[in-house]
Each structure stands twice: as structure tokens, then as C-alpha cells.
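Line by line, the protein sequences give chains A and B. If you're matching positions, the first sequence starts at 347 in my numbering and goes up one per residue. If you're matching positions, the second sequence starts at 31 in my numbering and goes up one per residue.
Incorrect hints may appear among the rest.
What the hints assert, rightly or not - According to the in silico footprint, chain A covers these stretches of chain B (three or more CB under 8 Å from chain A):
no. : segment
1   : 70–78
2   : 127–133
3   : 150–162
Calculated from the structure, these hints are not laboratory results. All residues carry an ideal CB built from backbone N, CA and C; glycine is no exception.
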Amino acid sequence: MNLHLTRRYRFAASHRLDSAWLGGEQNRLVYGKCNNPYGHGHNYVVEIAVSGPVDPATGMIANLSELDAFVEREVIEPFDHTYLNEEIPAFRERIPTAENICIEIFNRLREFPRAKLERVRVEETSLNSFEYKGELSGSRP
Amino acid sequence: MVYLTRKIEFSASHLYHNPAFSAEENRRVFGKCNNPHGHGHNYVLEVTVAGDPDPATGMVVNLAELKAILQREVTDRMDHRFLNYEVPELNGQIPTCENVAAVIWRLLHPKITRGNLHRVRLYETPDLFVDCYGETNGAGGSPAVSKDILK
């Protein structure tokens with residue numbers, strides 16, 4: 347059976363979208379309110395999907411307590427209640443859009459030892475969501 | 031290709047216990063889910079059928095037919111039941127979200143004859159769900175633990 351197990355997690359963080367490649371005027375044009383100089387925050391929801399064979403002894407793809415502990419250590423603890431631009435090293439070089447947050451979370455969880463990471467989905471607000479399955483299709487900035 | 035999804039809810043209880051484990055191992059692996067009296071959830075099931083709309087009806091699948099199948103195959107079997115004891119299809123398996131989703135797939139797959147069953151998504155809680163896409167390479171899926179498990 348091809349089964350994917352998905353668990354939802356939450357963190358709250360602030361960010362500012364401002365590209366070093368664009369000038370002040372261009373940044374305001376591209377990012378709008380997200381370019382406000384002091385940043386702003388969201389309640390992020392993160393869905394982590396893993397796949398693998400179901401262990402007949404437990405009925406599980408992965409023990410949820412192990413998945414929870416791994417996600418907590420690699421993502422929730424470092425991301426929650428932070429200013430992403432400054433406190434997550436990857437976002438000193440990449441703009442912390444929800445797209446890049448998806449990619450960063452995927453890369454942090456890629457090595458989960460108990461199951462294969464299939465998908466990371468980030469809801470930045472209840473109206474916007476983003477998904478990444480571990481592969482980019484072309485070049486990226 | 032168009033994907034149609036129908037949602038239903040059912041409420042059921044279960045417990046996780048593997049008789050091959052010691053009492054301590056059961057508690058360690060399954061935590062609160064090993065509580066011997068069981069516990070319950072409001073499950074939400076999303077069933078997605080894929081196909082091209084029939085030109086005569088504009089439908090991928092007739093929703094009335096799909097609703098009747100879900101009622102018969104899932105609600106009548108599982109709603110307000112103790113999954114370990116009252117659902118024979120789960121005999122010999124621990125009724126995790128993974129295994130319940132796979133059982134639902136196996137129940138629905140032969141019954142859905144218009145369109146193709148694409149996905150069974152089973153929410154155990156709003157923060158935990160399993161997607162089942164059917165057999166992989168014709169493999170048989172999760173094998174049973176033992177005949178007398180959970181008795």
C-alpha cells in the first residue's frame with residue numbers, strides 16, 4: 347500500500363521581505379507591505395508528510411512521538427518566536443518567503459531516519475499555502 | 031482529468047496493543063494509545079475519485095451513488111464502533127490511521143466503478159492524517175501481525 351502520513355505543526359515568527367538585489371523602490375514595489383522595515387509576523391502551520399512501509403508490529407509508518415521530537419528539534423524549537431531573517435542562518439542569504447521556508451524545512455527534515463520525507467506544506471496564512479517535495483525544477487536565485 | 035472529493039465523518043474507538051510486546055514495551059511504543067479501555071476519535075474521511083466528466087451528465091461520478099457506497103462500506107461498518115473488536119477487516123492489525131486508511135481503500139476500490147479511486151485521506155485528528163493511494167506495484171500492503179492480536 348502506498349501510504350503517506352501527514353502531521354501538522356505550528357510556529358509563530360516574524361520576517362521581512364527585502365532583496366539585496368533590488369533597490370529600495372523596487373523592493374517596495376515587489377513586496378508591498380511585506381517590505382515594511384521592522385518586519386511583521388505570521389502564525390505558520392507546517393504539514394510534514396512521510397511515507398514508508400507500515401511496520402506490522404506497530405501498524406505505523408513512523409512512531410508519531412519520534413516524528414514529533416525530530417520536527418520539534420529541527421524546526422519548531424529553532425523557528426518559533428524568532429525573527430527569521432536574523433535568527434535562521436539560511437535566511438541571511440535567502441529571502442524568507444514561504445517558498446524558501448518550505449525548502450529550508452524540507453532540507454532540515456530530509457534525514458529523518460524512520461521514514462521517507464515526501465512533502466512539506468507551509469500555510470503562511472489561512473489563505474496562502476506552499477508545498478515542496480524536495481526537488482527544484484530549474485535554477486534558483 | 032477532474033478530481034472529485036467527497037467528505038464524510040464517523041466516530042469510533044480503538045486501542046493500540048501488540049500481544050507480542052511486553053506490557054512495558056506496549057506502553058513505551060504506543061503511549062496513551064495503549065490505554066486498555068481504548069479511546070475515540072471523530073474521523074474525517076475524504077475520498078477522491080478521478081475521471082473525465084461523462085458528457086451526458088457532466089459528472090465524474092454520481093454523488094448519490096458515491097454517498098451510498100460510503101454509507102454502506104464505511105459508515106455502516108465503522109461509525110460508533112470499537113475498531114479493534116467490531117471491524118473484521120482490521121483483525122490481526124493494529125487500528126492505526128495507516129491501517130484503517132488502507133482497509134477503507136480496499137473496501138472502496140472494488141465498489142467504485144465510475145471514475146478511478148485516486149486517494150483516500152483519513153483524518154484521525156485535524157493535525158494527523160494519512161493519504162492512501164492504493165497498492166504499490168501490486169504489493170499486498172501491510173501484513174497481519176498475528177491471528178489473535180487485539181483479542
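Structure-based check of each hint:
no., hint, verdict
1, 70–78, "violated (count 0)"
2, 127–133, "holds (count 5)"
3, 150–162, "holds (count 7)"
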